[in-house]
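Engineer: Here the numbering used here is used: the first residue of the sequence shown is 1, the next is one more, and so on.
Please note that the accuracy of each hint is not assured.
BS3-like mimics (lysine-lysine), calculated; alpha carbons at most 25 angstroms apart, straight line [claimed, not checked]:
no.: 1; residue 1: LYS131; residue 2: LYS13
no.: 2; residue 1: LYS87; residue 2: LYS77
no.: 3; residue 1: LYS11; residue 2: LYS44
no.: 4; residue 1: LYS11; residue 2: LYS38
no.: 5; residue 1: LYS131; residue 2: LYS75
Honestly, the hints are just simulated from the structure, not real lab data.
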Amino acid sequence: MSETRCQFRKKMKIMILGVGNILMKDEGAGVRVIEYMKNLNLPKEVELMDGGTSTALLFPYFTEVDHLIVIDAVKGKMPPGSVYRLKPEDLLLSEEDLISVHNLGLIDALYMAAQIGKQPKTVTIFGIEPKEIDWGMDLSPEIKALLPRIVKLVLQEINRLL
Numbered sequence: 001m002s003e004t005r006c007q008f009r010k011k012m013k014i015m016i017l018g019v020g021n022i023l024m025k026d027e028g029a030g031v032r033v034i035e036y037m038k039n040l041n042l043p044k045e046v047e048l049m050d051g052g053t054s055t056a057l058l059f060p061y062f063t064e065v066d067h068l069i070v071i072d073a074v075k076g077k078m079p080p081g082s083v084y085r086l087k088p089e090d091l092l093l094s095e096e097d098l099i100s101v102h103n104l105g106l107i108d109a110l111y112m113a114a115q116i117g118k119q120p121k122t123v124t125i126f127g128i129e130p131k132e133i134d135w136g137m138d139l140s141p142e143i144k145a146l147l148p149r150i151v152k153l154v155l156q157e158i159n160r161l162l
């Protein structure tokens, strides 16, 4: 009698995480990208998540994904609307170079996932240099006009991963 083996391959899962505070104009750019992408027909392997401002609390979700793409407002001393492609280790800067208040929570959550051996295989961060961080629900016109470009970069990253 021959033995038959069934092998199940885990489906790849990609999480697109937008973080930021939508009450602080361009600080909410990452969340606004997620809202924009909700209208797109994305592959079934892709999950969109509005992470708000509590990235450290997202640790359990990070343990369930293969690839993580993060979008956030990032102050990196470039002109407003500049887009950065970063890795988590790029966020470990000196205190005076800290570029996003959410990065520490993100690093902590990724560290916790790594401690139990369930961190994402890849983490890509798209940072958007904000123009205005002040009270208000709307993005500045310059950053709002940038959303299609950011979405295109995220879609290119998804295609690269699939």
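Engineer: Work down the list of hints and note, for each, if the structure agrees.
Structural biologist: These are the hints, each one checked on the structure:
no.	hint	result
1	LYS131 <-> LYS13	33 angstroms, violated
2	LYS87 <-> LYS77	18 angstroms, holds
3	LYS11 <-> LYS44	10 angstroms, holds
4	LYS11 <-> LYS38	21 angstroms, holds
5	LYS131 <-> LYS75	9 angstroms, holds
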